[in-house]
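For the sequence shown, this note's numbering assigns the number 1 to the initial residue and increments by one for each residue that follows.
Certain hints may be false.
[Stated by the list, open to error] Distance windows between CB atoms, simulated: (1) GLU2 with GLY78: 42 to 52 Å; (2) ASP106 with ASN54: 19 to 29 Å; (3) PRO80 with MET1: 39 to 49 Å; (4) GLN43 with ARG15: 19 to 29 Å.
Don't read these hints as lab results, they were simulated from the structure. The C-beta atom is built at its ideal place from N, Cα and C for all residues, glycine as well.
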Amino acid sequence: MEYNQMTPRRPYLFRAFYDWILDNELTPYIVVNASITGVIVPQEFVQDNHIVLNIAPYAVGQYSVSNEQIEFNARFSGVPQHIIVPMAAVEAIYARENNVGIGFEDEPQYQIAREAPAQAEEKPEAKSTNPFRVVK
1 MEYNQMTPRR PYLFRAFYDW ILDNELTPYI VVNASITGVI VPQEFVQDNH
51 IVLNIAPYAV GQYSVSNEQI EFNARFSGVP QHIIVPMAAV EAIYARENNV
101 GIGFEDEPQY QIAREAPAQA EEKPEAKSTN PFRVVK
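Kindly generate the complete structure, drawing on both the sequences and the hints.
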């Protein structure tokens with residue numbers, strides 16, 4: 001079976017790092033590319049098409065993760081919000097206290113989600129600002 005026919009690695013690595021961060025009593029944060037189709041986050045907190053979200057159990061409610069997306073409820077400036085983050089939009093997960101985590105490389109299975117129709121034509125693809133080392 002060819003690599004591009006396999007399921008993406010990201011949801012499996014994401015869940016492993018999430019558990020590992022919590023097991024070490026640290027706070028899991030995710031870096032989300034808010035320009036990906038299907039991302040539902042409060043836009044007033046998006047900077048340079050990215051948002052960083054605290055996904056610790058005490059910070060979110062109704063947390064659910066699948067191979068396709070992360071979904072939860074959270075408060076932003078006291079206002080409750082329902083958040084949806086497709087796995088294609090998760091660029092990294094790390095511990096807030098020491099910045100240890102993993103940055104995710106592009107996977108062919110997510111290519112369609114990453115191609116924003118209008119933005120792809122307007123400007124060349126920007127180099128990722130992801131500060132984490134990509135594990136292959």
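If any of the earlier hints don't hold here, list their numbers in rising order.
-> none
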